[in-house]
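First to last, the sequence lines map onto chains A and B.
Mind the numbering: the first sequence is residues 1 to 302 in the working numbering, read in order.
Mind the numbering: the second sequence is residues 1 to 250 in the working numbering, read in order.
Calculated directly from the structure, the hints in this document are not laboratory data.
Among the clues, some could well be false.
A short, non-exhaustive set of chain B residues, derived as facing chain A with CB atoms under 7 angstroms [unchecked claim]:
#	residue
1	LYS113
2	MET126
3	ALA127
Cβ-Cβ distance ranges computed for the label pairs, FRET-style [as the list claims (entries may be wrong)]:
#	chain 1	residue 1	chain 2	residue 2	range
4	A	TRP244	B	PHE143	44 to 52 angstroms
5	B	ALA116	A	ALA249	45 to 53 angstroms
6	B	HIS158	A	SER187	36 to 44 angstroms
7	B	ARG238	A	ALA28	48 to 56 angstroms
8	A	ARG13	B	ARG226	38 to 46 angstroms
9	B	THR209	A	LEU198	45 to 53 angstroms
10	B	GLY236	A	TRP297	46 to 54 angstroms
11	A	SER187	B	GLY164	44 to 52 angstroms
12	A	SER295	B	ALA37	27 to 35 angstroms
Heads up, the beta-carbon is just placed ideally off N, CA and C, and yes, glycines get one too.
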Amino acid sequence: MNRVATVIYLLFRTAVRGLASSATTSSAAVVTIAITLVLVGAFTILVGNMRGMLDRFGGDLRITAYFEEGLDLAEARRIAGSVATVEGVHQVVMVTPDEALARFRETTGAEALLEGLASNPLPASLEIALLPEHRTERGVGRVEQALEGLPGIDGLAKGQEWIDGYARAANLVRFAALGLGAVLAVSALMIVSNTIRLAIYSREDELDILSLVGASRTFLRVPFLLEGTIQGLTGGLLAILVLWLGFVAFTEPIRVGLSFFLGNAAPRFLLCGEAAWLVLGGAILGMMGSAAALSGWRGTTG
Amino acid sequence: MTAPEPGIGGSLPEGLALEQRDDAPVRMYHVSKSYLAGTFALHDISLSFGRGEMVFLTGSSGAGKTTLLKSLFAAERPSEGQILVLGRNIARLEGSAIPFLRRRIGVVFQDFKLLASRTIEENVGMALDVLGTPRRENRQRTFQVLKQVGLQHRRLHHPLSLSGGEQQRVAIARALVNQPQVLLADEPTGNLDPELTLEIMDLIADAATRGTTVIVATHDVSLIERYGKRTIRLEGGRVVEDSPATGRAA
Chain A
1 MNRVATVIYL LFRTAVRGLA SSATTSSAAV VTIAITLVLV GAFTILVGNM
51 RGMLDRFGGD LRITAYFEEG LDLAEARRIA GSVATVEGVH QVVMVTPDEA
101 LARFRETTGA EALLEGLASN PLPASLEIAL LPEHRTERGV GRVEQALEGL
151 PGIDGLAKGQ EWIDGYARAA NLVRFAALGL GAVLAVSALM IVSNTIRLAI
201 YSREDELDIL SLVGASRTFL RVPFLLEGTI QGLTGGLLAI LVLWLGFVAF
251 TEPIRVGLSF FLGNAAPRFL LCGEAAWLVL GGAILGMMGS AAALSGWRGT
301 TG
Chain B
1 MTAPEPGIGG SLPEGLALEQ RDDAPVRMYH VSKSYLAGTF ALHDISLSFG
51 RGEMVFLTGS SGAGKTTLLK SLFAAERPSE GQILVLGRNI ARLEGSAIPF
101 LRRRIGVVFQ DFKLLASRTI EENVGMALDV LGTPRRENRQ RTFQVLKQVG
151 LQHRRLHHPL SLSGGEQQRV AIARALVNQP QVLLADEPTG NLDPELTLEI
201 MDLIADAATR GTTVIVATHD VSLIERYGKR TIRLEGGRVV EDSPATGRAA
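Generate coordinates for the entire structure from the input sequences, incorporating the hints supplied.
Here is the structure:
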């Protein structure tokens with residue numbers, strides 16, 4: 001083992017020994033970090049599922065443009081061509097009056113309503129799908145503005161308001177999660193910091209001796225940073241475990257309880273990247289707590 | 001005794017100028033240390049300690065012995081004057097350079113400063129750990145130095161299972177394991193009975209015969225007389241007597 005590897009081994013050994021010697025306070029820090037991350041993770045799962053639902057709504061989002069009555073088919077096709085060139089438009093499908101009638105029959109089954117009519121009252125229309133990046137209130141507004149200026153268009157219909165409301169709710173949940181996460185992160189940070197401060201006090205003799213025999217600042221401080229990081233990592237992994245167990249146990253009640261938000265889609269757990277960020281967040285939290293404790297430590301002898 | 005040149009200490013550039021004139025590993029030039037304005041723990045001390053020299057520092061409690069020793073391993077900085085240890089000027093030494101200096105200095109205390117939770121081997125090996133000495137080499141060198149102090153068979157024991165004399169031998173082993181050029185001992189036999197005192201002092205004196213500069217703070221007059229080494233008496237932070245070695249051996 002060369003010197004660098006030896007030093008790394010010794011730093012980790014000191015950190016692990018330190019954790020073992022203050023098992024109770026270290027466990028308290030781990031649990032606090034885990035609670036923080038469980039809450040943040042739970043909100044992440046909720047927001048992730050709401051966003052999934054939004055994406056599905058967004059994929060179905062269509063603007064329907066109705067043609068003026070009596071517009072001939074050739075003119076309607078020309079207008080459809082113009083609409084296809086509007087920025088943000090992904091696809092334009094023309095629905096003739098006959099097709100519209102067939103759909104009406106298919107979806108409503110209300111044959112009786114149509115029996116007394118001499119001719120087909122339904123107008124021809126265009127179903128306009130938007131590019132994903134334009135499926136926002138502003139994107140829809142831009143496309144609408146372009147359509148309203150076109151001759152031959154009688155009116156527009158869209159389902160955007162509901163989606164926007166849902167998006168706002170998802171954002172609200174996300175900001176609530178961030179706010180709550182920040183508050184909890186600060187408390188976790190303080191607990192880790194105090195845990196490490198206690199560890200420093202309890203190991204003052206050891207630090208004093210190490211300093212006397214020539215230990216560098218790095219050699220003295222890094223084990224405490226590692227302790228905080230290990231506490232954070234453990235808290236992060238514990239949080240993932242708790243979230244997973246909770247998810248498995250409560251998937252069905254969650255699905256039923258949140259069916260308004262999720263529709264019929266099955267709830268999903270954290271994505272791998274989200275879980276990794278959560279664990280990494282725990283490690284960073286732990287390391288920052290240690291760094292805060294060490295910043296107030298003036299060192300030992302000399 | 002090598003007398004330092006008066007007046008030269010205040011303007012030395014990191015000790016280089018004196019290094020050419022004087023090869024003593026430890027030199028002090030007009031050193032004063034004051035914690036409160038008007039009171040001095042050390043006052044205008046100029047001393048030099050040669051290679052392989054063993055020196056006793058004596059004086060009553062509060063005379064400044066411990067402060068002087070502490071200033072030599074940079075646990076205290078002088079308020080005035082210059083201290084050159086192994087070519088480094090303590091007064092100007094940056095904090096990050098202190099560990100590198102301490103790796104070349106062994107320090108022994110009256111209260112041993114051993115970690116009760118660590119084995120004897122681990123306590124001694126700490127001095128090698130900070131250098132990143134590979135485990136195998138660490139164990140070999142630790143074994144050798146424990147053999148030198150007669151404790152190799154106790155290397156896996158813990159300090160509290162050892163007698164006071166044995167614990168001090170462990171502390172000496174830790175101080176010597178890096179083959180320091182300077183060994184500082186602050187009342188190393190203060191907690192020991194007379195028989196163990198001689199045992200410990202012999203180990204410390206041995207280091208001087210191998211070329212280490214040894215400075216021992218003690219108020220044990222019988223010990224000073226027995227070893228007949230150069231003796232510096234401090235009173236009120238001043239050097240009041242600097243007696244050369246008498247040549248008497250223990």
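Each hint, compared with the structure:
1. LYS113: With a minimum Cβ separation of about 5 angstroms from chain A (threshold 7 angstroms), the hint on LYS113/B holds.
2. MET126: 6 angstroms, holds
3. ALA127: Since the shortest Cβ distance to chain A is 4 angstroms, the answer is holds.
4. TRP244/A - PHE143/B: 44 to 52 angstroms: Check passed, 50 angstroms falls within 44 to 52 angstroms.
5. ALA116/B - ALA249/A: 45 to 53 angstroms: 47 angstroms, holds
6. HIS158/B - SER187/A: 36 to 44 angstroms: Between HIS158/B and SER187/A, where Cβ atoms are some 39 angstroms apart, the hint holds.
7. ARG238/B - ALA28/A: 48 to 56 angstroms: Given range 48 to 56 angstroms: holds, Cβ gap about 54 angstroms.
8. ARG13/A - ARG226/B: 38 to 46 angstroms: 44 angstroms, holds
9. THR209/B - LEU198/A: 45 to 53 angstroms: Since the Cβ atoms of THR209/B and LEU198/A sit about 46 angstroms apart, the hinted range of 45 to 53 angstroms holds.
10. GLY236/B - TRP297/A: 46 to 54 angstroms: Taking Cβ atoms as reference, GLY236/B and TRP297/A lie about 35 angstroms apart, which means the hint is violated.
11. SER187/A - GLY164/B: 44 to 52 angstroms: 48 angstroms, holds
12. SER295/A - ALA37/B: 27 to 35 angstroms: 31 angstroms, holds
Violation of the numbered hints given earlier is confined to hint 10; every other hint is satisfied by the structure.
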